[in-house]
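Student: Residue numbering for the sequence shown follows UniProt numbering, beginning at 1 and increasing consecutively.
The set of hints was computed from the structure by calculation and includes no laboratory data. For each residue, glycine too, the CB sits at the ideal point set by N, CA and C. Take the hints with a grain of salt, since some may be wrong.
[As the list claims (entries may be wrong)] Cβ pair distances, simulated, as ranges:
| hint | residue 1 | residue 2 | range |
| --- | --- | --- | --- |
| 1 | 110 | 51 | 14 to 24 angstroms |
| 2 | 60 | 37 | 14 to 24 angstroms |
| 3 | 116 | 12 | 30 to 40 angstroms |
| 4 | 106 | 47 | 29 to 39 angstroms |
| 5 | 4 | 57 | 31 to 41 angstroms |
| 6 | 96 | 117 | 28 to 38 angstroms |
| 7 | 104 | 81 | 11 to 21 angstroms |
| 8 | 128 | 102 | 17 to 27 angstroms |
| 9 | 48 | 117 | 34 to 44 angstroms |
| 10 | 101 | 35 | 11 to 21 angstroms |
| 11 | 101 | 5 | 31 to 41 angstroms |
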Amino acid sequence: MTDHDEIAAAADGFYAALNAMFEGDADPMLTVWSHADDITYMGPDGGYQHGWPAIRAEWEMQAAKKLGGRVEPADMRITVIGDLAVTHNYEKGENINTGDAPGTVSIRATNVFRKENGAWKMIGHHTDMLPFLR
1 MTDHDEIAAA ADGFYAALNA MFEGDADPML TVWSHADDIT YMGPDGGYQH GWPAIRAEWE
61 MQAAKKLGGR VEPADMRITV IGDLAVTHNY EKGENINTGD APGTVSIRAT NVFRKENGAW
121 KMIGHHTDML PFLR
């Protein structure tokens with residue numbers, strides 16, 4: 001498997017974990033993310049967390065909301081340089097908005113991965129803000 005293929009698989013793992021989180025299960029996020037202090041999460045609500053304890057707490061809080069819906073990556077571009085990789089893509093799908101109604105998701109995302117002990121782990125996720133969360 002090439003580095004490109006491994007990153008595509010790591011990104012697929014992140015989006016599978018994201019969709020599990022929408023159904024209330026934060027556990028898959030525990031395996032796709034690095035547990036290091038230098039990681040960052042800047043999600044569609046405008047928040048900014050850094051370090052594994054804060055990011056883990058954020059995913060657990062979001063999972064508890066059981067937002068439902070589904071988000072998939074589209075038009076993904078992958079760049080790999082040594083033990084770091086970046087993906088740029090759109091996130092498209094649907095979630096429940098703040099008024100408990102379905103909200104369309106169509107935002108840009110940048111994901112950063114680092115190879116740790118032979119496995120690609122997410123160290124950064126940054127998206128546009130969702131209009132229905134502003």
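Student: For a quick check of understanding: which of the numbered hints are violated here, in increasing order?
Tutor: The structure breaks hints 3, 4, 7, 9, 10; every other hint is satisfied.
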